[in-house]
Amino acid sequence: DAKTTQPNSMESNEEEPVHLPCNHSTISGTDYIHWYRQLPSQGPEYVIHGLTSNVNNRMASLAIAEDRKSSTLILHRATLRDAAVYYCILRDGVIQGAQKLVFGQGTRLTINP
Amino acid sequence: NAGVTQTPKFQVLKTGQSMTLQCAQDMNHNSMYWYRQDPGMGLRLIYYSASEGTTDKGEVPNGYNVSRLNKREFSLRLESAAPSQTSVYFCASTVGGAQETQYFGPGTRLLVL
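Chains as they are written, first to last, in my numbering: chain A, 1 to 113; chain B, 1001 to 1113.
With the rest of the complex left out, here is chain A (with noise of 0.2 Å):
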């Protein structure tokens, strides 16, 4: 299974834009990323998905690197709903149907008042 690599823990302020990183640098051609986040006492929740072009959504964007091995979730405007510990997950996209999912550590982001 492919890796991804995210810092532990990041800290930003209300308001504010935050971007979380994420390394996957033996990621396949046919892997797309995917972020899930997962707020306190939740399960997981779907944020966003891409293979190689920009990304945007009501709950996000996704920025990739032009190589691919490495992207950005970027929160625009963070609030304290946002806090939330962030899995980037890369997914094989040509496996139909059911497929193993490597969660990791994840980013545990905090949003200060």
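Hints are computed from structural coordinates only; laboratory data are not their basis.
Some hints could be false.
[As the list claims (entries may be wrong)] To be clear about the criterion: a stretch of chain B counts as covered by chain A if any three or more of its residues have a C-beta under 8 Å from a C-beta of chain A, and this derived list gives those stretches: (1) 1010-1021; (2) 1049-1063; (3) 1083-1095.
Cβ coordinates follow ideal geometry from the N, Cα and C atoms, glycine included.
For this one, chain A is given, so just place chain B on it according to the hints.
Relative to chain A, chain B alone:
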């Protein structure tokens, strides 16, 4: 539309006791998963079911059994609970496909004394 539901929410067992954790999804998803999350750690895959009638081992299957009862339901059984199985258990489901997104339940907190 309840999504993924899990029962019970919380359970205390004595070492050697058995129990079954229940999971159901109402999204007509093909694949279902069981994860465990120990304190301060990421999720680890126990078992998964790509489709009704099939199950496969994940990263940490020892001490567990699963049953894909039908398309909606996927249960996890601990035959003889051990303190090392104290954890939070999450069930997830996906429709399948190359870009699949996992939907998680709220979790079951299990304490084995």
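Evaluated hints:
Remark: the region 1010-1021 of chain B is not confirmed as covered by chain A, as 0 of its residues place a Cβ nearer than 8 Å to a Cβ of that chain, below the required three. Coverage of the region 1049-1063 of chain B by chain A holds in this model, with 6 residues showing a Cβ closer than 8 Å to a Cβ of that chain against a need of three. Here's how the region 1083-1095 of chain B fares: 3 of its residues keep a CB closer than 8 Å to some CB of chain A, so the rule of at least three is met and the hint holds.
In summary, the one numbered hint that this structure violates is 1.
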